[in-house]
Amino acid sequence: MSHWTVVPVLLPGMLAAIIVLAARHQPSLARILSVAGTIGLLALTIALFWRASDGSIDVYLLGDWAAPFGIVLVTDRLSTLMTLLTAALALPVLLYAIGSGWDLRGKHFHALFQFQVMGIMGAFLTGDVFNLFVFFEILLIASYGLMIHAGGGPRLRAGTQYVLYNLLGSTLFLFALGTLYAETGTLNMADLAQRVAAIDAGSSAGIRVAAVLLLLVFAVKAAVLPLHFWLPASYSEAPAPVAALFAIMTKVGAYCIIRIYTLIFPPDLAVTQGLFDTWLLPAALLSLAVGMIGVLGAGRIDRLVAFAAIGSMGMLMTALAIFTPQGIAAALYYAMHSTLATAVLFLLVDAVQVGRGRAGTDLQAGSPVSGGPLTAGMFFLAAIAMCGLPPLSGFIGKLLVLDAARGSDLAVISWAVILLTSLVAIVGFARAGSQVFWKSHQIAAKQADAFETEADEANISDGAPNPGPLMAVSIGMLLAMIVALTIFAGPVTTTVERTAAQLFDGEDYIATILGTEGKVIEYHGDDYGDADAATGGADQEEAAE
Amino acid sequence: MELLVASAIGVMTAAGIYLVLRLRTFPVIIGISLLTYAVNVFLFSAGRLTTNAPAVLRDGVDRYADPLPQALVLTAIVISFGMTAVVVVVALGSWLSCDDDLVDAPDVRPGQPDATATARGESS
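If you read the protein sequences in the order shown, they are chains L and W. Numbering-wise (my numbering), the first sequence opens with residue 1 and increments by one. Numbering-wise (my numbering), the second sequence opens with residue 1 and increments by one.
Chain L on its own, in the form it takes in the complex:
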């Protein structure tokens, strides 16, 4: 039992408390603490990832209580991969928030940011379904605060929707957990896996309900089609760094689907047959289509990116719904890619908005974007990555998804939808790019003809400050990660394939968690001085179950 497992949860949590208490009135101190903590977290998650990369599974028993009764945190390949991705995303996003001054536009940005990271880390590491709910609530309550950070009418309205929708999601989650507990009598994932496998097909109605309810909950988080309504408004109204951080939140939903439906309800389980090919795959393909059509139809550039996020989640879910080890591996690679690509696009939208003055995020020609070539070039790269054009990682991810879809029953439809939506996305992004970056220059040229050149120059420089160096650096960091993901596609693919293989071999996970020694519940009867209380206690324990 390594104590390092719990540190990714504790470190941001403690740090957030310290920031609230000690650095409330000193923004620079809060910034230093927050950045230092995030760098520390990144180092820590790299170490944990390296530790789990030999296939070992580490279990941390909270309070040293043995597994089915106590809460456990687990690091295996999948959870360390996701925590590493979170930390790698959090650092540039935080730097951007500092560089653009977003963190000073409201109170408690850094504390909420750390709480959000804590919730995400906990959701990835926990091995207990109810604890997953608790960490969901932690990350959600922090995200409510971040979502309405800096205030303003439209943002508060979008925030109300976001909070309400997620509250409904949480209620649904509790219903699912109640059903699950009523059917199995446990909420520990490893224990659940064993007990669900033992349920015979004759009495499977309740467990089927639980499985479908859970899938619905995670589909809400992952913004899969019929449940995606909350995403465009929330993400486009949220402050840019917050929206970029939210890119990992949809992946929490995807992670939970991968974890729960490989471990507890594996695809070969009789009682939950048909969940994926009948329900999830069409939903995923639909959200891919709707997302990319939304990219084409969006009237504002932030909405466009929000719809691109839905589309990329659809792509991820398509790979996931195939539910072979190959499909999961493709989904994991695409998850990494789409998290980074979505985040970088949200940050770039903010940089464009800063640079455009009054035209803001409207998708029409306005004053030219300043920082012009740099911003435009980075947007071009990010759009290439998001659409899945070669040479960036989106292309490789898409190839992996196509390859994984080859064997499935719906291969023809999947291929058609994936390829057509890619075309639609390319058209959508090309349109947005030409409106925002090219036509603006034409307008500027016309204005220069009509008016005095100097006045126009003044106008441009007036409404269009250059993006700060720290902003450019943080966007550059994210782009560098996308490029690295492309260059090291070979090793990364091997890693995600091993991760998928480990997921499909759940015996090891179950044995490790349930086999870890810890305190167990014993009834000594000391308080009552009863002679044969020990045996009586054992009987009572059985009766209680």
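Since the hints were made in silico from the structure, they are not lab data. Please read these numbers as outputs of a predicted model, since none were measured by experiment. Backbone N, C-alpha and C define an ideal beta-carbon position, used for all residues, glycine too. There could be a bad hint or two in this list.
Which bits of chain L does chain W cover? Going by a derived footprint, with three or more residues having C-beta under 8 angstroms, they are [as the list claims (entries may be wrong)]:
id : region
1  : 129 to 138
2  : 153 to 159
3  : 164 to 175
Starting from the known structure of chain L, arrange chain W on it as the hints suggest.
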């Protein structure tokens, strides 16, 4: 007893969903509260319904209530209280700054930065 508890959960859920669909913040918040009450009772009954059975180990007793759902309900109540408080504050802020209590967003079109003003016009 099962019928009573089940119908109570069902009625509360139905009423909650109806109120949530009203799309005005106050009924929606009341609806969410009803839904959380329903889910708390549901969680409570997930460990089977028993009467006069202690949840803590005790001498001379051989029938126990399941203690775990009670712990879960406790957590769920705390979280749902907190979340309801958050949603009230956010909704209040939204009402004060948008001058209406509609939950659904107005259409946002390019060239109309002041979207709340149009919503105000439509709703009044």
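Evaluation of the provided hints:
| no. | hint | verdict |
| --- | --- | --- |
| 1 | 129 to 138 | holds (count 3) |
| 2 | 153 to 159 | holds (count 6) |
| 3 | 164 to 175 | holds (count 7) |
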